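Chemist: Protein chains in written order, with the working numbering: chain A, 1 to 107; chain B, 1001 to 1586.
Just so you know, the hints here were simulated from the structure itself, not pulled from any lab data. The structure presented is a predicted model; accordingly, all values stated were derived computationally and were not measured. The beta carbon of each residue, even a glycine, is placed where N, CA and C say it ideally should be.
Calculated from the model, a selection of chain B residues having no Cβ within reach of chain A, i.e. all distances over 10 Å:
#, residue
1, Glu1011
2, Thr1076
3, Ile1103
4, Asn1105
5, Glu1122
6, Arg1151
7, Gly1184
8, Gly1287
9, Asp1289
10, Gln1305
11, Gly1307
12, Arg1375
13, Ser1428
14, Glu1484
15, Asp1554
Just some of the chain A residues that point at chain B, by a computed CB distance under 10 Å:
#, residue
16, Gln23
17, Ile24
18, Cys53
19, Gln69
20, Pro79
21, Ile91
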Amino acid sequence: MPPRVNKEKCDGCKAEHEPLCEQICPGDLMTLNPETRKAYCRSTRDCWDCMSCVKICPQGALETKLPYQLGYYPAKLIPLMGTNKITWTCIDINGKVERFVIKTRND
Amino acid sequence: MATKLPTSLAEVQEVMLETDLLVIGAGNSGCFAAIEAKKLNPNLKVTLMEKAHIDRSGCLAAGMDAINTYLKKGRTIEEFVRWSRSQAGGLIREDLAVSLAEILNQPTEQWEEWGLPIDYEEDGDEYHTRGKWDITIKGSEMKVILAEKVREHGCEILNRVVATNYLTDGNRVIGAVGFGVRDGKLYVVKAKATVVSTGGAAGIYKPYQADGVDSHHYLWYCPFNVGTGYAIGIRAGAEMTTFEMRWCATRTKDFNGPIDTISVGYKTPMINAKGEKVLEERYAHLGGDAAPRFIRANVPMEEWQAGRGPCYVDTRGMTPEQIRDMKIDYLNERPSFVLFLAARGQDIRQEPIEIYGNDPYIVGGHTASGYWVDRKRATTLPGLFASGDVAGGTPNKFVGGCAAEGMLAARGALEYINRLNSPTKVNSEQVAVEKARIFAPALRQTSEGDGLIPKEVEERMQRLMDEYAGGIHQFFRMNKEGLEYALKHLRLLKDQTKYLIARDLHELMEAHEVVDRLDVAEVLIHHLLYREETRWPGWQTRTDFPSRNDEKFDCFVNSRRNPETGEIEVFSRPYEQVVPGDRYRP
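Full structure from sequences and hints, please.
Modeler: Okay, structure coming up:
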């Protein structure tokens, strides 16, 4: 399933020639709606949930949701990118929260 | 930002480039090929043609949690070859496996120097071991790190350019043609030598989740790797090998995710619905839970058919610390699996993880499908070298091996360039024909406004392959009649591609993806028909020939499509044993 775009947070990466999610998506799926100037996924069945767009979004406007055929509502997995680490927050359908801090580069 | 589709060929702008080495596909293997070429000769011009963005393209888009092929201290090349050979049912190109093993560790160690975190044993300076050949890494950003190094080495990167065919002079490859999925331009890149490294083929078969809303791409393998590297080679008449050795594996059910992370990493046994340790109890003679991968892929299928499904990896004995470490592994490789467990509300100490098979892929990094190459990774077309998932003969390369093979292909290509003495010219007629072929679906949209959208052709092909060519809904089983039915309809589909329409550049890319997949599927069926035996139950199960027939088929099955007639010739090549010992045991 494509990432949900939070329309309040997404600013279409105004300073860029195209939004960062569009630049990075390995499937060429994220793009800009020319009318609303917000990002959207052009083919919702084709996302791999690799989360490249979620990781790169400077506004934290994207959230990966699983297709309902795989899992129930409303679990969340939110990455926060640091320089040499990534912090993941995972909330399951019962509200249980787990946090993981993982090194991404050697110092 | 999307450019409009051209409404006539005259509107299409042409970009003509010349380079020394062209690398098609800037994934793991292609990036290592490009860097190796620049290291060997910094004055060389190296160009990468990449259909996505190099920072996150290919199999490593979401990251990786382990390098599954690393020769740890004390392990020998011969041991590695024996293990790989036994995992693949005794049939690999041992000459290629040996040459790969000779440099296997180099890319991993290089990656670590560039910044990739690799885990160490607590009490020493050795990498942390997972299985026999596996070390664990924190690889969520490893592709970004690699892409930075490609830029630092001064390579030219053409992002968002889709390769569609080779440029040829006779049967010599002199570069490639493609189109810009963002700018709509035609790219003609003339090169002294070319390395193809576009990855394997996903989406040939229907995945079982396909009927769910937004679930079509719940594939284990990168769904954006559609077999283009195979297809352009097939169309140019390159010799291909072992397509019939399909990559079917045991994966987590529904999510279709990797399973070795749990089963190898945390020694969790495979069990059936009755709680029996299937591999350990019934396949002890083949290695139990370390049995060859095709056996492991076949077992859940057999259990379901015998009424003993579903199957699981039994995670109930894991400690809370192990479960946390396992989730960290997944966050580094396929983070959404952790979301999957959260969305099931599943505590895996109470409830084991269900497993099932995947939709079959053609992936030369795992099995032996791909270009027939020599030790230099030269294909049968002069000037063309292959590495990674498109290069055949060497299964069990995985990330480390595909990277190392990129280095070998670059070395081979540079030797070829140094030997070159005859100049070539781009054939403008060939470029014009290719340009018309590339943009035909766009022009048809303008002229007719009616036809076939790529997705419907893709879905028809995927269902056909699934039902008649041993897909997951047929428990990977197939017979001659079904394969012939699939072939007949594939030929119809190939003929129907003239009706494809594209309404934007993204859809034009999809149109070429389905054209490429059809070429791969056609060759695959020929290979499956030829091998009238069952050599690898699970990967290649012929219900009409259920046993192994060593007398006729202890050999490689190869093919070549005649570029003039389109006829596919299938033939065999002998297996040669290089490393002594029992071929079926590690």
